[in-house]
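This note's numbering numbers the first residue of the sequence shown as 1 and each following residue consecutively.
Simulated from the structure, these hints should not be mistaken for lab results.
Be aware that one or more of the hints could be misleading.
Stated by the list, open to error - Here are the computed lysine to aspartate or glutamate pairs in the EDC-like style, where the Cα-Cα straight-line distance is at most 20 Å:
no. : residue 1 : residue 2
1   : Lys150    : Glu192
2   : Lys282    : Asp271
3   : Lys236    : Glu224
4   : Lys106    : Glu159
5   : Lys67     : Asp2
6   : Lys144    : Asp161
7   : Lys174    : Glu159
8   : Lys136    : Glu154
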Amino acid sequence: MDIVFSLEKVVYNHNQYAILLCSTDDQIPVELRRSSDYPRKHQYLFSIKFNDVLDMVAEMQKRFQYKATGTIVDGKQYGYQFEATAIERFVSATQYDVIEYLRQYKGIGRGIAADIYRAFGEDTVAVVENTPEKLKSVKRVTDKMIAQIKEQVEKQHSESDALIFLSAFSLSPKKVQMIIATYQEQTRSVIEENPFILCSIEGIGFADANSIALDLNCGINSIERIQQAILYAHEKLCNQHGHVCVGKEPLIQATTYILHKGCSCSVQPQDVEKQVDKFIEKKILVRQYT
């Protein structure tokens, strides 16, 4: 079944589960309604669970329309939920909705948007997203506007591809947005080349990068993984014992254990020691004598 709705507010969003406050002319199944006690007619809270689909909740914009496709399932512990197999931006063919859609693009005001709609009618959205050069036939649309539209459409597509790629991993919506903001359209290629580059983003650590690397079966014997594991193990040991330093041998042992946990990598303690010595040489780790 499909539900078309306008987002009013994301009440809760965590771990592929969300509760949305939405307005809709569709009849929300009674099982999904958390409450209808809101001042506006046809305004409801309903729960939605995502199943192997792009987590669009973090990207949703208020007042825009979306279409969720899926089925109602009994969540047992949390009650009935709408399990979405697809969720996408929805633009109806009405003039008002298309004009509002067009106004998201730089340089397109209500007047020019109306001109575009008069020229292309129900095909407007397809023209803008697939063949924007056709907009040149509209009197007030300039080459600069078309170039900006192309740039925005390409950015939206690349960000959508990145979101789909990252949705396969156990990352919070906030971390997904941090990664895309850093690497943009290069997100997938950068991560597939070296997942541990993510450790350079504040708030994303070895555990996140390592989980992705294991899922991709990528870089499990790499120097980058060993180095980040050393720093991770060092921090864990210090926090565990309330110290600001650790012994070299315990650090090598802890790092080796972390590297082998959950995978069959070929890294040996001597490989870890080599990288620890490099860190000491570069003063990333400082040797203290007693």
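Here is how each hint holds up against the structure:
1. Lys150 to Glu192: Answer violated: Lys150 to Glu192 is near 27 Å, above 20 Å.
2. Lys282 to Asp271: 17 Å, holds
3. Lys236 to Glu224: Between Lys236 and Glu224 the Cα gap is close to 18 Å, so the pair holds against 20 Å.
4. Lys106 to Glu159: The hint holds at about 18 Å.
5. Lys67 to Asp2: 7 Å, holds
6. Lys144 to Asp161: 26 Å, violated
7. Lys174 to Glu159: OK: Lys174 and Glu159 at ~14 Å, within 20 Å.
8. Lys136 to Glu154: With a Cα-Cα distance of about 18 Å, the restraint between Lys136 and Glu154 holds, given a limit of 20 Å.
Violated hints, listed in ascending order, are 1 and 6; each of the other numbered hints is respected by the structure.
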